[in-house]
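There are 2 protein chains.
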Amino acid sequence: MSENQRQILIVGGVAAGMKTASRLRRLDPEAKITVIERGHYLSYGACALPYVLAGEIGELDEVRRTTNGTLRDETFFARVKGVEVLTRCEALRIDRENRRLEVRFLDDDRRQTLSYDALVLATGSSPLIPPLPGTELDGVLALKKVEDAAAIAELVRPEARAVIVGGGLIGLEMAEALRARHMEVRLLEMQPQVLSGILDADLAEQVHRTLRQNGVELHLGEALKGIEEKDGRVGRVITTSGSYPADLVILALGVKPNVELAREAGLKIGVSGAIAVNERMQTSDPAIYAAGDCVESRHQLNGTPLYLPLGSTANKQGRVVADNLGGIDSAFSGVLGTLLVKVFGLNVGRTGLSKEAAEKAGFEPVSILAPSPDRVHSMPSARPILTRLTVDRKSRRLLGAQIVGPGETAKRIDVVATALSLDATLDQLAEFDLGYAPPYSAAMDPLHQAANALRNKLDGLADSLSPLQLKQRLDAGEKILLLDVRSPDEYAEVRIPGATLLPLGQLRSKIAELPKDRLIVPFCKISLRGYEATRILLAAGFDQVAYLEGGILGWP
Amino acid sequence: MSENQRQILIVGGVAAGMKTASRLRRLDPEAKITVIERGHYLSYGACALPYVLAGEIGELDEVRRTTNGTLRDETFFARVKGVEVLTRCEALRIDRENRRLEVRFLDDDRRQTLSYDALVLATGSSPLIPPLPGTELDGVLALKKVEDAAAIAELVRPEARAVIVGGGLIGLEMAEALRARHMEVRLLEMQPQVLSGILDADLAEQVHRTLRQNGVELHLGEALKGIEEKDGRVGRVITTSGSYPADLVILALGVKPNVELAREAGLKIGVSGAIAVNERMQTSDPAIYAAGDCVESRHQLNGTPLYLPLGSTANKQGRVVADNLGGIDSAFSGVLGTLLVKVFGLNVGRTGLSKEAAEKAGFEPVSILAPSPDRVHSMPSARPILTRLTVDRKSRRLLGAQIVGPGETAKRIDVVATALSLDATLDQLAEFDLGYAPPYSAAMDPLHQAANALRNKLDGLADSLSPLQLKQRLDAGEKILLLDVRSPDEYAEVRIPGATLLPLGQLRSKIAELPKDRLIVPFCKISLRGYEATRILLAAGFDQVAYLEGGILGWP
Ligand SMILES: Cc1cc2nc3c(=O)[nH]c(=O)nc-3n(C[C@H](O)[C@H](O)[C@H](O)COP(=O)(O)OP(=O)(O)OC[C@H]3O[C@@H](n4cnc5c(N)ncnc54)[C@H](O)[C@@H]3O)c2cc1C
Ligand SMILES: Cc1cc2nc3c(=O)[nH]c(=O)nc-3n(C[C@H](O)[C@H](O)[C@H](O)COP(=O)(O)OP(=O)(O)OC[C@H]3O[C@@H](n4cnc5c(N)ncnc54)[C@H](O)[C@@H]3O)c2cc1C
Ligand SMILES: CC(C)(COP(=O)(O)OP(=O)(O)OC[C@H]1O[C@@H](n2cnc3c(N)ncnc32)[C@H](O)[C@@H]1OP(=O)(O)O)[C@@H](O)C(=O)NCCC(=O)NCCS
Ligand SMILES: CC(C)(COP(=O)(O)OP(=O)(O)OC[C@H]1O[C@@H](n2cnc3c(N)ncnc32)[C@H](O)[C@@H]1OP(=O)(O)O)[C@@H](O)C(=O)NCCC(=O)NCCS
Ligand SMILES: [Ca+2]
Ligand SMILES: [Ca+2]
Numbered sequence: 169m170s171e172n173q174r175q176i177l178i179v180g181g182v183a184a185g186m187k188t189a190s191r192l193r194r195l196d197p198e199a200k201i202t203v204i205e206r207g208h209y210l211s212y213g214a215c216a217l218p219y220v221l222a223g224e225i226g227e228l229d230e231v232r233r234t235t236n237g238t239l240r241d242e243t244f245f246a247r248v249k250g251v252e253v254l255t256r257c258e259a260l261r262i263d264r265e266n267r268r269l270e271v272r273f274l275d276d277d278r279r280q281t282l283s284y285d286a287l288v289l290a291t292g293s294s295p296l297i298p299p300l301p302g303t304e305l306d307g308v309l310a311l312k313k314v315e316d317a318a319a320i321a322e323l324v325r326p327e328a329r330a331v332i333v334g335g336g337l338i339g340l341e342m343a344e345a346l347r348a349r350h351m352e353v354r355l356l357e358m359q360p361q362v363l364s365g366i367l368d369a370d371l372a373e374q375v376h377r378t379l380r381q382n383g384v385e386l387h388l389g390e391a392l393k394g395i396e397e398k399d400g401r402v403g404r405v406i407t408t409s410g411s412y413p414a415d416l417v418i419l420a421l422g423v424k425p426n427v428e429l430a431r432e433a434g435l436k437i438g439v440s441g442a443i444a445v446n447e448r449m450q451t452s453d454p455a456i457y458a459a460g461d462c463v464e465s466r467h468q469l470n471g472t473p474l475y476l477p478l479g480s481t482a483n484k485q486g487r488v489v490a491d492n493l494g495g496i497d498s499a500f501s502g503v504l505g506t507l508l509v510k511v512f513g514l515n516v517g518r519t520g521l522s523k524e525a526a527e528k529a530g531f532e533p534v535s536i537l538a539p540s541p542d543r544v545h546s547m548p549s550a551r552p553i554l555t556r557l558t559v560d561r562k563s564r565r566l567l568g569a570q571i572v573g574p575g576e577t578a579k580r581i582d583v584v585a586t587a588l589s590l591d592a593t594l595d596q597l598a599e600f601d602l603g604y605a606p607p608y609s610a611a612m613d614p615l616h617q618a619a620n621a622l623r624n625k626l627d628g629l630a631d632s633l634s635p636l637q638l639k640q641r642l643d644a645g646e647k648i649l650l651l652d653v654r655s656p657d658e659y660a661e662v663r664i665p666g667a668t669l670l671p672l673g674q675l676r677s678k679i680a681e682l683p684k685d686r687l688i689v690p691f692c693k694i695s696l697r698g699y700e701a702t703r704i705l706l707a708a709g710f711d712q713v714a715y716l717e718g719g720i721l722g723w724p
Numbered sequence: 169m170s171e172n173q174r175q176i177l178i179v180g181g182v183a184a185g186m187k188t189a190s191r192l193r194r195l196d197p198e199a200k201i202t203v204i205e206r207g208h209y210l211s212y213g214a215c216a217l218p219y220v221l222a223g224e225i226g227e228l229d230e231v232r233r234t235t236n237g238t239l240r241d242e243t244f245f246a247r248v249k250g251v252e253v254l255t256r257c258e259a260l261r262i263d264r265e266n267r268r269l270e271v272r273f274l275d276d277d278r279r280q281t282l283s284y285d286a287l288v289l290a291t292g293s294s295p296l297i298p299p300l301p302g303t304e305l306d307g308v309l310a311l312k313k314v315e316d317a318a319a320i321a322e323l324v325r326p327e328a329r330a331v332i333v334g335g336g337l338i339g340l341e342m343a344e345a346l347r348a349r350h351m352e353v354r355l356l357e358m359q360p361q362v363l364s365g366i367l368d369a370d371l372a373e374q375v376h377r378t379l380r381q382n383g384v385e386l387h388l389g390e391a392l393k394g395i396e397e398k399d400g401r402v403g404r405v406i407t408t409s410g411s412y413p414a415d416l417v418i419l420a421l422g423v424k425p426n427v428e429l430a431r432e433a434g435l436k437i438g439v440s441g442a443i444a445v446n447e448r449m450q451t452s453d454p455a456i457y458a459a460g461d462c463v464e465s466r467h468q469l470n471g472t473p474l475y476l477p478l479g480s481t482a483n484k485q486g487r488v489v490a491d492n493l494g495g496i497d498s499a500f501s502g503v504l505g506t507l508l509v510k511v512f513g514l515n516v517g518r519t520g521l522s523k524e525a526a527e528k529a530g531f532e533p534v535s536i537l538a539p540s541p542d543r544v545h546s547m548p549s550a551r552p553i554l555t556r557l558t559v560d561r562k563s564r565r566l567l568g569a570q571i572v573g574p575g576e577t578a579k580r581i582d583v584v585a586t587a588l589s590l591d592a593t594l595d596q597l598a599e600f601d602l603g604y605a606p607p608y609s610a611a612m613d614p615l616h617q618a619a620n621a622l623r624n625k626l627d628g629l630a631d632s633l634s635p636l637q638l639k640q641r642l643d644a645g646e647k648i649l650l651l652d653v654r655s656p657d658e659y660a661e662v663r664i665p666g667a668t669l670l671p672l673g674q675l676r677s678k679i680a681e682l683p684k685d686r687l688i689v690p691f692c693k694i695s696l697r698g699y700e701a702t703r704i705l706l707a708a709g710f711d712q713v714a715y716l717e718g719g720i721l722g723w724p
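Those sequence lines, one after another, are chains V and A. For the first sequence, this note's numbering assigns the number 169 to the initial residue and increments by one for each residue that follows. For the second sequence, this note's numbering assigns the number 169 to the initial residue and increments by one for each residue that follows.
Hints are all accurate, no fakes.
Which copy is meant is left open, so a pair is good if it fits within one copy or across any two.
Straight-line Cα separation of at most 30 angstroms, DSSO-like style, residue types lysine-lysine; simulated pairs:
#1 Lys393 / Lys312
#2 Lys200 / Lys313
#3 Lys678 / Lys200
Honestly, the hints are just simulated from the structure, not real lab data. From a predicted model like this one, the values you see are computed outputs, not experimental measurements.
Chain V on its own, in the form it takes in the complex:
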């Protein structure tokens, strides 16, 4: 080790840390780069763990292999990436003044002090464990690390009873995984809906339906109170409204950033409780960078700080740190909150702000819910997707999308995310030259249809109500004519209670029979015909008309 060799220390050896190390080595062949990781395993794809547990990925080790099958262990990082990693080594304390880091080797309790020119905190996050009795029992686990997955795998048996606490991303992925392994699955969620803060209530209802159809026993609005022991391990789960036998409890209540090192060193902690960084990913001490699950991000649309720990963000941020340490000026421009999750046959995604969040951020948001088949509807592979778009009324700037359905949603989420990043307007979205061939889309992509439906709403061509808005008005006792403009066959199959059937093809001829003294709410399967009926009614002089957004498909 040469006298003036630059010393880079990185604490944390999963995504952000190993990305920083790998990229920095490519930029700087000279620096000494050392990663300090208190765990056994490095550079693993935690995101893939639910798919290992589902039996989809055959082997747990797969989550730490490269595409060509090499295990990403210390030897790999030394030989291939030119990076030294100390595992089972914990960073204890940062001495900022002298640029030193105190570490302890967990296997022999040896302590050592390492000097640094630059320090990178990639300490990640830890599962939130609620301060309730019984969470320490055998058979109660959170899923975060490779070891957690191994421990859960031990308890996966057909017919065994699992309770999953938390209806977030990991809770839902685990519900699917354990059902795939033929376990009995109960899912507890304190909120009245799963994915709260991610999906609006009506779209969450689509997820609820899918969960139930796939044999998950959903307990919404029900919180964990404690876990009871039986024979020295987990026995029953006690909630605010019941108690359930359990052989396995998964705590999936989210994660909290690992900020102890940073806090004790006096580094600035953000409002979200994660480490505050600037665009270059520097903490309040310019010699100390931070990236990944331990840092606070900034939302690109409203500029507000938020905590949204994701593997995609961790990698991007790690690369920005490496660039800045490697002489390439680089900034991380923030996040859009883009999320995807597969829930059995349902593809769920959101990007940007919900209407509620947009309102809070000072926008004047307008939304629409507009379903479409995901490709040419006569293709046997076609499946519906339900798209909710939100824009700002005055600037017509896109603010966000939530898309749910058995069809291809991920593509449309990525298109909207791209558009959001580039400040696109609704009108631009409606015109994007997206790819079209029957196996992939329709001549008007579902995004185009949704964008046009929203333009029609903004432009005053057709008023519409979201399913929840309609429900509220019906519940309030308002006299409303629910006008089902589908065919008699469709009506026979499934209908909304209280609706009057008048197929669209007969509307023009029978229009005189309709009442003018109340709100008419036309709808069809997806409300394309509902919209068409609205235009016909308005043209005929009806002035209280608003179609039901999403029609039968969107009805919760």
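Following the hints, complete the assembly by docking chain A with the ligands onto the known chain V.
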């Protein structure tokens, strides 16, 4: 019909025409809207015809049904859309001065003159039939209309011999369709590659491989000379280098715009031979609009006029026409040349300009070919995609992408198309907050990987050669060390002739054994390790290093 009711005439009743009519009726309940269509069928999805012929879509009528199963015929348009359609009625002549259109009813030869306030030409396109002997024979067909599909369907039999002339989108879709029906399929393409003008030669090679693997006999660089009769119908196909027996010949040589009406009326025809329109889709006569396959489009990136007839564009343009006629000022902002086509298990797409086209347009384009798995590689559903990105060197503005592979390419094409529309730079692409969960993508999306690889090239971090550039230099006899940095197992499976094996993990220790007097070209399966090796070699003082873009996967 009231005296001052506005008269709108639309010529052509498929996509552009029926879109215009449908939207305009919604905007204007008063106008008289009449569509004139010389064919039997209206509003059909020609794009779906190959999938009917493949047997994937069960019934030919499906291509003209709505999502809920209603046939889009004259009655449908009258009752539901409030639009009158005259079928089997041909527009013969436009009298611009008096705003009159002369039409002829094909069934009884009756002629009529209709007045208009505004006229919309949506006359579409017709298949190009080469002026060669035998194209009129029974069994020789182009695929454009419903009737064509019905005629082809009559000739589809297992073991029957088909010759497809033309390796464009429709030719390739038909090759797949007829193979699905167990026919013998020969595909003739005059150019040395299929999809010429759409894919670069090396990526076209991926398509060739797929076609051959699926039993299509490819005849590249071979042109049709004529078709010989046998027993009163098609017998043999004669080409510039052979002759083949045929029970069915599909002419898939592209289409030409139907501009006779427009030309005879003295309307301006563009350089591409299609009708010239302004942004509002008006022809040189402001009372006459045109949309769809009969008009010339403008490329958003270089501003040049081009002819690219697509159903997606036809619908968007039809809607713009309707808006302008309906009182909503609207402009069509041009196309990006986005195309998708499925070729058996291969998903093929491009958007924007190729390197060649970008050069012609005055850019200084730089490209890269960078393959990746389409999602977390350990997911059993993961499949590779090969991404070629092109950007402008100075502005770093994105110019285009070609993406080919069994994996999910359509999503990435749409993301790039969106980015192109909004003038995004390469650096912005590398940062988009795209959705990530293992069933959909990887923590660094394939687009992020490709964008970063191209940034590395632009920033001088790693030089690289496209497969064709390397081939040319090898063919020219240059002494090059092809350095295969994969594992011995991978090497045993498949290799590039003449390459030397040195696994990446051993490179750092054995680097002294490598020669410094020649170009070293490291590569691996996708050249991620090839890139890594490049950085290691450069750091060790080797100054002639350029990795092989795309590695084994990209090698034609
Ligand atoms: C089940 C599951 C599914 C997920 N699915 C997705 C998904 O679909 N999409 C997505 O984008 N993200 C997903 N994530 C999130 C993703 O895995 C994380 O965002 C990512 O792992 C964060 O990486 P990181 O390096 O910042 O932090 P971490 O992965 O938390 O790693 C931090 C490391 O630092 C070490 N460390 C901490 N403090 C010290 C110390 N003082 N000394 C030494 N070492 C220390 C820890 O031991 C740990 O190994 C998922 C996570 C889980 C658990
Ligand atoms: C097999 C096939 C596959 C395709 N796949 C795709 C795809 O995957 N993606 C995509 O985007 N596009 C695809 N297309 C292209 C798409 O179908 C066309 O772009 C679209 O049909 C154009 O619509 P249009 O209304 O402009 O013209 P057309 O469909 O050509 O319709 C024009 C109509 O005008 C009528 N007409 C013309 N002149 C007169 C006259 N003088 N009087 C009365 N009537 C007249 C014609 O009879 C015709 O019916 C495909 C086309 C085919 C044939
Ligand atoms: C893998 C890991 C160690 C990072 O190492 P890395 O070497 O940067 O990553 P990769 O092996 O993917 O290589 C990426 C590099 O190859 C380049 N590359 C990718 N594909 C390429 C191709 N086809 N041709 C040329 N270069 C390519 C990229 O540009 C990048 O280089 P750069 O950052 O210098 O621009 C780190 O991401 C990690 O530990 N990941 C696992 C954990 C994780 O991500 N968890 C969260 C999600 S579950
Ligand atoms: C179908 C066709 C007649 C156009 O008619 P259309 O009524 O405009 O089209 P759709 O039935 O798809 O309805 C679209 C309308 O419903 C709206 N809409 C779509 N989904 C909606 C939803 N879920 N909720 C509310 N409104 C919706 C759209 O905004 C659009 O209205 P707008 O144009 O006034 O904004 C014409 O496109 C056609 O003939 N297509 C077949 C041929 C073809 O496209 N070929 C080329 C490809 S192969
Ligand atoms: Ca940046
Ligand atoms: Ca426009």
